[in-house]
Structure formats: structure tokens, C-alpha cells
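Enquirer: If you're matching them up, the sequences are chains B and X in order.
Sequence positions in the first sequence follow this note's numbering and run 1 to 297.
Sequence positions in the second sequence follow this note's numbering and run 298 to 697.
One thing to keep in mind: the hints can contain errors.
Across the chosen pairs, the derived CB separations fall in these ranges [claimed, not checked]:
1) B:282 to X:672: 41 to 51 Å
2) B:183 to X:314: 53 to 63 Å
3) X:340 to B:282: 45 to 55 Å
4) X:559 to B:265: 45 to 55 Å
5) X:364 to B:258: 49 to 59 Å
These are calculated hints, taken from the structure and not from any lab test.
Glycine residues also receive a C-beta, built at the ideal position from the N, C-alpha and C atoms.
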Amino acid sequence: MSALVDEQRLEATPTGDPKLPRIRPHTTSEIRAHLRSAKTLWCPGCSNGTITRALIDAILGLELDPEKVVVVAGIGCSGRISAYLDYSTVHTAHGRALAVATGVKAADPSLHVIVAMGDGDSSAIGGNHLIHAARRNVDVTALVFNNSIYGMTGGQMSPTTHLGDKSTTSVYGNVEPAFDLCELAHAAGATYVARGTSWGYQQLVNVLAGGIAHVGFAMVEAMAICPVYYGRFNLTADPAEFLRSQKEHAVPVDRFEEGETRVRDRYPVGLLHHREREEFVTALGYVRERVQEANRG
Amino acid sequence: MAAVPASAEAAPATARKPVLLQGNEAVAEGAIAAGARFFAGYPITPSTEIAEVLSRRLPEVGGTFIQMEDEIASIAAVCGASLAGEKALTATSGPGFSLMQEMLGFATMAQIPCVVVDVMRGGPSTGLPTEPAQGDVMQARWGTHGEHSVIALVPSSVSECYGLTIEAFNLAEQYRTPVVILSDALIGHMREAVVLPDPATLRIAERGIPDCEPDEYDTVSSTLDNILPRPPLGSPFRVHVTGLVYNRRSGAPDTADPAAAADLGRYLREKIYHHRDAIVRVEEVEMDGAEVAIFAYGSVARSAMAVVKKARALGVRVGLVRPITLWPFPTAAVERMAEQVRTVIVPEMNIRQMSWEVQAAVKGRAKVVDYGRVDGKLITPDEIFELVKPEFHYHKWEDR
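Using the sequences provided together with the hints, build the complete structure.
Expert: Spelled out as C-alpha cells, the structure:
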């Protein structure tokens with residue numbers, strides 16, 4: 001069967017940064033038209049609403065047909081986005097969103113599939129699905145709301161809680177180092193990797209739009225703030241102060257040193273990695289076509 | 298939407314001539330005949346041939362095969378594909394079936410039609426990977442958490458592997474529910490000559506789209522007698538699918554209203570039980586005038602059948618009640634049997650999993666004799682015959 005797949009097309013070719021789409025911000029009424037409800041269960045000061053708005057802005061900016069947008073979400077604070085967005089939405093089980101999304105995309109490649117996950121969702125319980133979705137290069141956009149904590153269950157440490165951070169299950173300080181989700185996805189084969197913050201709204205919209213437009217596995221890590229748990233235990237319970245800290249911690253990727261490791265208080269933002277490689281569902285389609293052609297011949 | 302109904306496909310050249318098929322191959326071919334065009338799975342003995350055959354066959358018929366990273370991802374991808382409109386299945390065995398319980402619950406809650414084939418092997422844990430067992434029958438019923446109902450079918454021949462796979466897809470579509478096929482290492486790996494039906498004669502249930510405008514969809518609701526299909530993702534209906542308790546009409550999550558939870562919970566159960574008579578299939582062999590019945594399913598039913606033939610040849614009145622549908626439990630057939638016979642013998646490759654269920658339905662009206670094996674060896678006709686003998690004062694037993 002290997003002869004059916006063009007080895008050349010499977011080679012990854014690093015490309016220069018594509019021009020990120022520059023999306024004009026949309027009005028609140030334009031945004032509202034893409035929401036089933038603007039009432040959420042997110043805490044006051046939470047940045048999930050900002051990230052949700054950025055996603056809608058990106059979808060509007062790309063002029064996607066809302067009927068062809070499918071949002072598949074996991075479980076946790078971020079997963080609730082599925083009930084609020086007025087697209088076809090699936091609120092799956094904890095950690096399983098990417099696996100469900102792979103089935104959705106393979107069954108109907110015409111859909112724009114966006115996967116909303118939290119940090120625990122995507123890198124703890126769903127970590128296996130993350131690396132394999134990246135390896136396959138399936139054409140979905142993974143939007144990770146990274147607030148470095150399990151918010152829905154009340155503030156436990158996650159794989160992106162930093163060394164020394166406090167949480168309700170690391171009361172003496174976390175002894176585990178944090179995952180760098182972007183480098184994890186990149187190493188696993190993701191072909192578009194970007195990071196934005198809830199403070200840098202316009203950049204977040206742009207990298208999200210770039211990820212959705214990208215053909216292949218796109219990972220966008222949105223640095224979220226959780227003043228109620230993470231902030232209160234570690235930084236500040238004041239949402240405005242927490243947001244301002246993102247401005248100081250986020251470093252444009254071109255000013256981040258080559259080989260520098262991200263730490264809690266210094267991380268690169270923008271489009272971090274981009275390359276072109278055969279997309280998974282497209283490759284399945286080629287195999288299907290060639291098999292059918294061979295059988296006809 | 299999946300697919301070419303099987304009836305539209307060209308009949309294979311071998312149609313209506315016997316072909317030599319393995320049970321697992323028959324499941325794969327049955328799935329294709331049923332219109333399944335998506336399989337996601339993970340290799341595990343003794344189910345692997347289903348994945349192997351479908352990896353070759355699905356691209357031929359325009360379908361998709363994906364080998365996922367584990368069984369959790371496999372059933373998750375199956376749920377996704379089904380929500381996008383394809384008929385989809387996965388196949389596994391014991392350890393994989395355990396991993397799938399989480400998403401089986403999701404499929405039940407979110408009412409996602411799909412088929413899960415569990416080719417049972419000895420367990421628990423890694424157990425006896427290459428030997429048959431029937432230890433998963435209760436896991437199929439209660440494996441996922443919470444109150445729910447399920448449909449599970451048990452083939453006892455290669456031909457039934459084919460036919461019941463088609464039926465599983467039909468039931469899944471009709472009742473918007475996951476359907477489990479409980480095969481085992483013996484049935485899955487056995488080869489038999491089978492005559493496949495003419496695809497044009499097959500009844501294939503298709504998905505359909507609700508007969509209403511997209512903006513009316515939130516206001517219509519399935520009833521027990523009219524289970525509406527769910528429009529696929531990416532349609533104007535813009536559906537929301539969730540594993541949370543939801544309002545059955547709007548589909549919106551609603552965890553604050555006990556009445557909504559009660560309505561959904563009862564509906565999910567009654568959706569299957571209300572239709573029990575239409576779903577349940579039982580084969581009765583030589584039950585006319587039987588004084589003793591053997592209740593056996595799957596591969597053990599084959600040994601039981603040999604015993605019935607032997608006993609009848611000797612003039613001893615033994616019959617067989619063979620559930621083809623294990624869940625919902627064939628209570629009515631068991632009650633009929635309890636009224637008629639004095640003893641029910643329940644041989645199974647586990648310890649009393651179904652015999653408890655039989656006892657509950659028999660309610661003391663007949664004696665229930667259970668017999669279990671968990672060593673990976675098939676229960677032989679001789680073993681069952683030894684259980685039959687004490688039930689009759691038959692003068693020639695000693696001369697046998």
C-alpha cells in the first residue's frame with residue numbers, strides 16, 4: 001500500500017511565516033449573532049469570554065459559512081464554549097475532543113473543525129490525542145484555553161501549572177515542571193503553532209484566523225487568566241492586574257532568544273512554527289481514489 | 298450522509314454461492330453491506346481481523362479507515378463520524394472494551410448511532426487473549442456509569458456475524474443508540490461456509506433528516522414512537538450535542554432542573570424498553586413439549602444445539618432457548634420457558650452472569666442449573682449432556 005502514497009508529499013517542508021490574516025474587529029452585534037447565549041457560567045474576571053470573542057472575530061474575518069463551522073469541545077471551563085456558540089457544536093467527554101474531531105473531519109472534510117480545550121483537557125487526560133492529532137496533521141484548529149489550573153473543579157494543578165505554583169492539590173508548591181504546549185505540539189508534528197494572550201486581543205484574533213485558514217493541524221494556545229484560582233493562589237486575584245502581567249510576560253516571538261526556554265513569566269507569542277506537510281484527510285482521500293481507480297482498471 | 302445503501306451496490310460474484318468466511322470477516326462485510334463507511338479502531342486480539350479487512354475494504358467502497366492511538370480515541374472518532382452523518386463502527390476485545398465504556402456512555406447520552414463489536418476473550422485484564430469467553434455480557438449492560446439502556450446482540454455463527462452486524466446498524470439508526478455486538482474468540486476466528494444474501498434483499502435503515510425547518514428544530518421533540526433523526530453537524534440545523542443532561546426539546550444543557558434530568562433519564566431508558574418486543578430476537582429449538590430447556594447464547598449455544606439433537610434422538614424432551622438479543626433481556630421468552638419446563642440449564646463461559654438474570658425472570662417457576670467455565674475452553678456438548686442426564690429418569694442412560 002505504501003506505493004499509493006507519494007513519499008515526497010509527506011516530507012515536511014519548513015516555510016517562511018505566512019502573512020497572518022489581519023482581521024478588523026467586529027461590532028458587538030455582529031459577534032452576538034454568532035452566540036446562542038451571551039450568558040455564561042464563567043466567573044467575573046475570567047478571560048474565556050475574551051477568547052470566545054476572538055474566535056468569533058476570526059471566523060467572521062475569514063468569512064466562513066457559519067453552517068460549516070463545527071466546534072468540538074472537551075470538559076472544563078473552556079468546554080462550555082460549545083453551548084454558547086451558534087454553530088454545530090459538540091460537548092464531548094473530558095480529553096476526547098480531538099479524537100471526536102478527527103472522526104468529524106474525516107467523515108466530512110468540507111467542515112471547518114475547531115477544537116476548544118483546556119490545558120488539563122488537552123495535555124493531561126487528552127495528551128495522547130493531542131500528540132497523535134499533531135502527528136497525523138489532521139486539518140483541525142486546536143484552541144487551548146491555558147489558564148494553568150483546573151478551574152471547573154476548583155483550582156487543582158494541571159500539567160501547565162508551573163514549578164513552585166500553588167493550587168488546591170499543590171499546597172506546598174508544585175514539584176512538577178510545566179509542559180510548553182506549543183513546543184509539545186510542534187515536536188509532535190503540528191504544522192501551525194501559535195500563542196496569543198487574552199491581553200493581546202488583536203494578535204490572538206490574527207493567529208486564530210491564521211490557524212483556521214491553515215490546512216493541517218493548527219495549535220493555538222490562548223493564555224487565559226483565572227484570577228479566582230490561579231491568580232489568587234499565585235499572582236493576583238485582580239483581573240486587571242493579572243491581564244497587565246500578560247503584557248509584561250508575553251514576548252513577541254522575534255524577540256525571544258533562539259533555544260530559550262519559556263518560563264512562567266516570559267514566553268513567546270505570535271506565530272511560533274509553520275510548515276507545510278500532507279494533510280491527513282487529504283492523504284486518506286488520495287488512497288481512496290487510487291484504490292478505486294486501481295480496482296476499476 | 299453515508300453512503301450508498303447496500304442495495305445499490307453491485308452484487309458480488311459470489312452472491313448466493315457459499316463462501317468460506319471467518320466470523321470477523323463476516324462482521325466487516327456485514328458492516329459494509331449495512332452502509333457503514335467509517336471505521337476507527339486499535340489492534341487487539343481476537344478482533345484484529347475486522348480492522349484488517351476494513352482497512353482494505355473501506356477505501357474500495359469510498360469509506361474511511363483510521364487506526365487510532367487507542368480504543369478511547371477509536372470510539373470517540375466513531376462518535377464524531379456518526380455525528381457528521383456516516384454510519385460508523387469500531388471493533389475491540391476485553392481490555393479495549395473496558396476503555397470504550399466512557400464514550401459508550403457519551404454515545405448513549407448524546408444518542409449517537411454507532412456499532413461496537415466486542416470479540417470476547419478471557420479476562421479480566423490481559424487475561425487469555427486468544428481464548429474465547431463470555432465474561433463481558435454484564436459489562437455490555439452496565440459497563441458505563443449511570444442509568445442507561447443498551448442493545449447487545451450475540452451471534453453464534455459466521456452467518457449471524459454478517460446478518461447481526463447489519464441488524465445492529467439498523468437498530469442503531471432506528472433508536473439513535475450505540476449497539477454492541479458480543480462475539481467471542483471462537484465465533485470471530487471460526488470459518489464456515491455461508492451464503493450471503495442478495496444485497497438487494499437487505500433491509501437497510503438510513504439516517505434521514507427531521508421533517509421540519511431548522512429554526513423549528515428546537516421546538517420538536519422525539520417521542521417513544523417517533524424517534525427523530527439528528528441532522529448532521531454542518532447542516533443548517535446547527536445542533537448542539539452534549540454529554541451533560543440536556544433539555545430534550547432544545548438540546549441545551551440543563552443541569553439545574555430535576556424535571557429535565559428525569560425526563561431525559563426516563564426517555565433514554567424507555568426509548569429501548571418500550572420497543573423491547575420489536576428489538577428482542579430469540580431462537581427456540583425443539584421447545585415443543587420440552588421438559589428441560591437449555592438457555593445458551595453465542596458459541597456455547599452451538600454445543601447446546603448438539604445436546605438437543607442428541608437428546609431428541611434418544612426421545613428425551615430437551616429444548617434450546619437461544620437469545621440472539623442479550624440486551625434488552627428476553628424476559629418474555631424466559632417467562633414462557635419457565636411456565637413450560639421444570640428445569641432450565643444455563644451453561645456459559647463466565648460464572649453465573651446471565652443465569653442470575655434467568656433466575657430473576659424465572660421467579661422460582663422452574664429449577665435453574667448454572668454451569669460456568671472461565672478457563673478459555675469451550676463448553677462441550679458432553680459437559681452439557683451430563684447436566685441434562687440427572688433431569689430425566691431415562692433407563693438407557695447407562696447403555697449410552
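Enquirer: Determine which of the earlier numbered hints do not hold for this structure and return their numbers in increasing order.
Expert: 3, 5
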